[in-house]
Amino acid sequence: MRKSHRFFATACVSAFALIAAVPVRAADVASFYKGRTVQVMIGFSAGGGYDIYARTLARYMGKHIPGNPTMVPQNMPGAGTLKVANYIYSVAPKDGTVIGTFARGIPMEKLLGRTVGQQFDATKFTWIGSVTDEPSVCVFWAASGIKTWQDMKTKPWKVGGSGVTSDLDIYANVLRNMFHLPGRLITGFPGGTEVLLSMQRREVDGRCGWSWSSLLSRDKHLMDQKLVTIPLQLGLEANPDIPGVPLVIDQTNDPKEKAALRMIFSRQVMARPFAAPPNLPPDRTKALRDAFDATMKDPDFLAEMKKLDLEVRPQSGLKVEQLVKEVYAYPPDVVKIATDAIKVAK
Amino acid sequence: MEGQFAMAVHALQLLLEWHRLLILVLGVVIGLAIGCMPGLGGVVALAVLIPFTYNLDAPTSFALLLGVAAVTTTSDLIPAVLFGVPGTVGAAATVIDGHAMARRGEAGRAFGAGFVSAAVGGIFGALVLALAVPLLQPLMLAIGSPELLAFSIFGLSMVATLSGRAPLKGLTAAGIGLMISMIGSGTQTGTLRWTFDWLYLFDGVPLIPVTLGLFALPELADMAINRRKIASGAIAEVNLSSQWEGVRDVYRNWWLVLKCSALGTALGVVPGIGSAVIDWIVYGYAVRTEKNPERFGTGDVRGVIAPESSNNAKEGGHLVPTIAFGVPAGASMTLLLGAFLLHGLTPGPDMLTKNLDITYSIIWSLTIAHVLGTAICLVGARQLARFAEMRHAILLPMVMPIVFVATFQATRSWGDLYFLLFFGIVGWIMKRFSWPRPPMVLGFVLGPIFERYLFLSNEIYGASWMLRPVVIGIAVLIAWALYRPLGGTVVRLVHEFRHLSREHLKLNGKAIFTLFLIALIVAALITSSGWPEIEQIVPRTACWAALIVATLNLITEIFGADQAAASVAGHGHALEEKSDLPMGVIVRRAMAFFGWLIGLVVLAALIGFIPAIGVFVVIYMGIGFREPLPRAIVFGAAMTLFCYALFDRGLSVPWPQAVLGDWVPALRDASGLM
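If you read the protein sequences in the order shown, they are chains A and B. Per this note's numbering, the first sequence starts with residue 1, numbered consecutively. Per this note's numbering, the second sequence starts with residue 1, numbered consecutively.
Hints are computed from structural coordinates only; laboratory data are not their basis. Using N, Cα and C, we set each Cβ at its ideal position, and we do this for glycine too. Please note that the accuracy of each hint is not assured.
[What the hints assert, rightly or not] In silico DSS-like links for lysine-lysine, alpha-carbon gap of 27 Å or less:
1. 354/B with 220/A
2. 226/A with 354/B
3. 220/A with 124/A
4. 306/A with 259/B
[As the list claims (entries may be wrong)] Stretches of chain B that chain A covers, calculated by requiring three or more beta carbons in the stretch to come under 8 Å of a beta carbon on chain A:
5. 41 to 54
6. 135 to 148
7. 185 to 192
8. 344 to 353
9. 387 to 394
10. 414 to 422
11. 448 to 459
[Stated by the list, open to error] Here are some chain B residues the structure puts well away from chain A; computed CB gaps all over 10 Å:
12. 26
13. 197
14. 199
15. 203
16. 247
17. 259
18. 292
19. 493
20. 544
21. 583
22. 589
23. 625
24. 649
With the hints as constraints, model all of the structure from the sequences given.
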């Protein structure tokens, strides 16, 4: 009897909150989430890297949210994750019952001049955090003779790409445009794995844009057997695990070019981003962000991630938010340099 | 070698532990059930099941997943034969002869032949994979972009055979299929081609609405138009002895089975070439190579054996690039790769050394699943055959919602349903006017592969890609495939154009349909003129080619003597509905049929999918077919429950928001269905 009363009360409160979207008081966060489900929307099909990150997060994060809601992962692939980003931004209820993940480059697309189909303002998402930051690298097949950044600047080379909006293409174009490198981009491969296969066939020499962690966890043998070389790191900060390999940002002294590079490579910081719709009640934003941070320290979660060979170097929701805002605050001349740099180089 | 053998035995022992075997059986049963549902295939099943394998060890997981993936193309034969509606995208070719056999009362024989050739094909594919294990890496390194390009051209060359006696229509259909496949973001510059800023089209038109529209809806529409049972009492003769006849057919055609299995396995290796086209390519190949090709299409058992064996063989082929390099050969393999990741397995050299036992357990799972699947089907087919005895008034309201919700699984967008309807109407008209439909699917599936590898080959090798040995080998095969059909085509066309006359000028329905297609092509040409040149090459070449052949076709239609009816495979239009219904009735009933479907879409938008299904079944049966209301209500309730259990509980489909849910949010909250 009492139980059903409580259920009725909860239902009333939540229905009220839903319809009127009135922010509830902090003490109510637990009662709001109690017995509810929180959907974790994944902009990719089941299986891939983003999917595994999201599913693992979903299994551990619920118990760190007051009221312990059940987290239910759901795949919504489409339009290079634009679909899910639009959904989270404008369709999903703005009450903290939906979070989701999409391609790390999506928030920067608008800035770089690609706006078709976008129905969101990246700075207004309620950023929950990123499970890890991921430095990326340029990898060449050793037999190609491209071993160092100096080689990349002086010898001809070919790298593979997988479509103009992919990191592979963007990074290759930026390098060629900004540093006037004698390389070519051969694009149209279905994905990075196919580019690697093509490297092994010696059809192309390498790829620019390979996340360091997946290189380590899945293709370490290539490095052990010295089959590949790594001439350049792509990211905002040098990774101490990759000693002696120059960082792309340090290759220019022009502060504006540096800023433009920062703008383009900032996506590596928010490598596995999670976001909720804009304008969440502040206490639920706090609850979700706290829960995210707590999950990142949860020993069970960490053990599971270790088992799966997935890196965890958490970036808080606030940090991601600041990064996106910082990038969107760059002056127009910097934006111009960046958009020129990502143009398809001839 | 000895080590490998020991490893293979060890893997078999692993798999035969009772809990793994049980899971494998479970997978097979789920796979069979999914394969029976028109529109649901292995991809849907895998997407749902993969998260459940989180807590299983790797061999057990793959037993479950491969159990499912292997047999959907075994049981998809059942609706194909009984209703003419393919169970998965891979059974469309089986429909032609399989359904014709069922109408003759030989459903049992078609089942026997189909199931057993599926098992043989499946085992063949697994065996090739097992034998290829030591060679996987060099094998994959030998297949570069030029070879993949050559394979896709080989597939396209089958358009010639599959167009049969309507070459102009076949080529037009292929060209339009290719054009449709170019919709979406271009691979070279990311230009959005023919997307009209509609987000849904950014990834291109999905396969399921196209194949279900072209092959399933026309059959259902004709069922609604002709209003009769699929088969008379003869169909009940699906029993072990009639199936045994089919098994003997497989034995008699063992060479065909081997040929088609080999071709299916080889095509399976090529990323992108999946079951939706393998069945047609192999069907065309069988027509081209077998004796008495004119019998195909009239209910020849070889028309069942060829596609069924190849489609199950392809799974072994699919796994080659997946295991050796982590390159998925198809949508189901993309998901399977995800499962590899989930279990900390890295496709590549590790699978052939450190994790060789897993690789072998995959192969064994595949083999055992195929045998189990076929055994279960042979035993169970008799029960399922009873469905074919149902009246259209009961069958249609039951099958239509399943096709409808299954299509929605493609991308879970309304666009899926719009395209289902569009291709359903186009497919029905094509069927009526003797347009071959397979070339359209070939163009649609192979177009993007062709474009991708054309650019890659040219960029990497220049023109010298044409000189690679494997490419030359395939080129010879293509020349052989084209030689006879093309010769015949030219002779027939010359003959046709000689007999053009201005006297009997006809502007009938056929000509109007061709005009409609020409208008579409012209619109496509106009809207594509502003694209970057590199993104124009393939789509606009397809446009121009389609425009030229469509215009020639229009000339024959307006000025020519009545064309001899051409059929799906160019043969045996004998099985085409020779209904004596007047044209007016046919058109009216067709419009009613598609009207009901549109009504279902609208209803789903208003009150949500699952409630809409219930209401739809009741109204369609009660008003559409004048069944007694209580019966309609019982069936409506049963269908609602079934769809709720399968799609909401089983597949946890995220339903789109319905209008009713906007009005009464509490209802949305409580049910989660709107």
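Hint check:
no., hint, result
1, 354/B with 220/A, "holds, 14 Å"
2, 226/A with 354/B, "holds, 20 Å"
3, 220/A with 124/A, "violated, 39 Å"
4, 306/A with 259/B, "violated, 47 Å"
5, 41 to 54, "holds (count 5)"
6, 135 to 148, "holds (count 4)"
7, 185 to 192, "holds (count 6)"
8, 344 to 353, "holds (count 5)"
9, 387 to 394, "violated (count 0)"
10, 414 to 422, "violated (count 0)"
11, 448 to 459, "holds (count 4)"
12, 26, "holds, 19 Å"
13, 197, "violated, 6 Å"
14, 199, "violated, 5 Å"
15, 203, "violated, 6 Å"
16, 247, "holds, 38 Å"
17, 259, "holds, 29 Å"
18, 292, "holds, 41 Å"
19, 493, "holds, 36 Å"
20, 544, "holds, 23 Å"
21, 583, "holds, 42 Å"
22, 589, "holds, 36 Å"
23, 625, "holds, 37 Å"
24, 649, "holds, 13 Å"
When the structure is compared with the earlier hints, violations turn up for hints 3, 4, 9, 10, 13, 14, 15 and for no others.
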